[in-house]
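Here's the letter readout for the chains.
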Amino acid sequence: MSVSDVTTPSGKVDINELMERLAAVEQRVESLEESQPDDMVALIVFSGDLDRVLAAFVIATGAAALGQEVSMFFTFWGLGVLKKESNLAGKGLFEKMMSIMSPSNSTQLPVSKMNYFGVGAKMLRQMMKDNNVSSLEEMIDMAREMGVKMLACEMSKDVMGIQDEELMDGLEPAGVAAFLGESLRSRTNLFI
Amino acid sequence: MNDLHYDETLDTKGLNCPMPVVKARKKIGELTEGQVLRIISTDRGSIKDFQGWAKIGKNVELLGQETVDEDGTELYLHFIQKTS
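Note that the protein sequences, when read in sequence, are chains A and B.
Just so we're aligned: the first sequence equals residues 1 to 192 in the working numbering.
Just so we're aligned: the second sequence equals residues 1 to 84 in the working numbering.
Chain A extracted, bound-state conformation:
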């Protein structure tokens, strides 16, 4: 016995038409699901200020703990966080000046307010210690251990004359498209 239509209180309905409509709905649901963001958090770390960078790493480690996939894109002053040393060899005059005047690693970062030639940053670090807050370096290690992805902006590295050897190992070189690839799939995007 073949059934081509069903009787409902509102009259007869063609079953083929129903099937077609169902298929269309399924397709729509599928495309909607695809455009849903993933459990990802994307952070742009533009600043090289200790306080701002700390906020970035608290969010990054916290999000990773909550099971989110986290990527941090370091650009301009933010690259100072990733430096392990300053290297002057093979650099032009401006690049050398830039190197000398900027922090050579994360422990040298200034604070955004009341820095007073580094006294403010030292004070903040001491106050964090007194309050049992992990240091920035501990948080960086923690973030890496938890699989937080760290991307270093190639363009700003070039502009500022920062060489690969000056940065910590295990970073992914990236450009704007690489970052956007992560950012567009993320639920949360922050510019710090």
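All clues stand as given, with none of them false.
Examples of chain B residues lying across from chain A (beta carbon under 7 angstroms, computed):
(1) Gly14
(2) Leu15
(3) Asn16
(4) Pro18
(5) Met19
(6) Val21
(7) Val22
(8) Arg25
(9) Trp53
(10) Ile56
(11) Gly57
Keep in mind that the hints were calculated from the coordinates and are not lab data.
Please read all numbers here as calculations on a predicted model, not as lab measurements.
Ideal Cβ positions, reconstructed from N, Cα and C, are used throughout, including at glycine.
With chain A held as given, fit chain B onto it using these hints.
Relative to chain A, chain B alone:
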């Protein structure tokens, strides 16, 4: 103190945000499905933090929270179950 059953305890006394959650996350990885982790914290913010984790995290459930007094220090207890 309490009737909630737990299998393991994690002491995060003295640690501040985001460490209690970060350490708990690590510890929960060592547990098997269905086991309960009791976290002891002195961070007042941890109450909301663990609620947030349970809401967002896909493999954990918050079974209960308690505040107890230990020699004048408030301790916050969180009971997290690994669900998958």
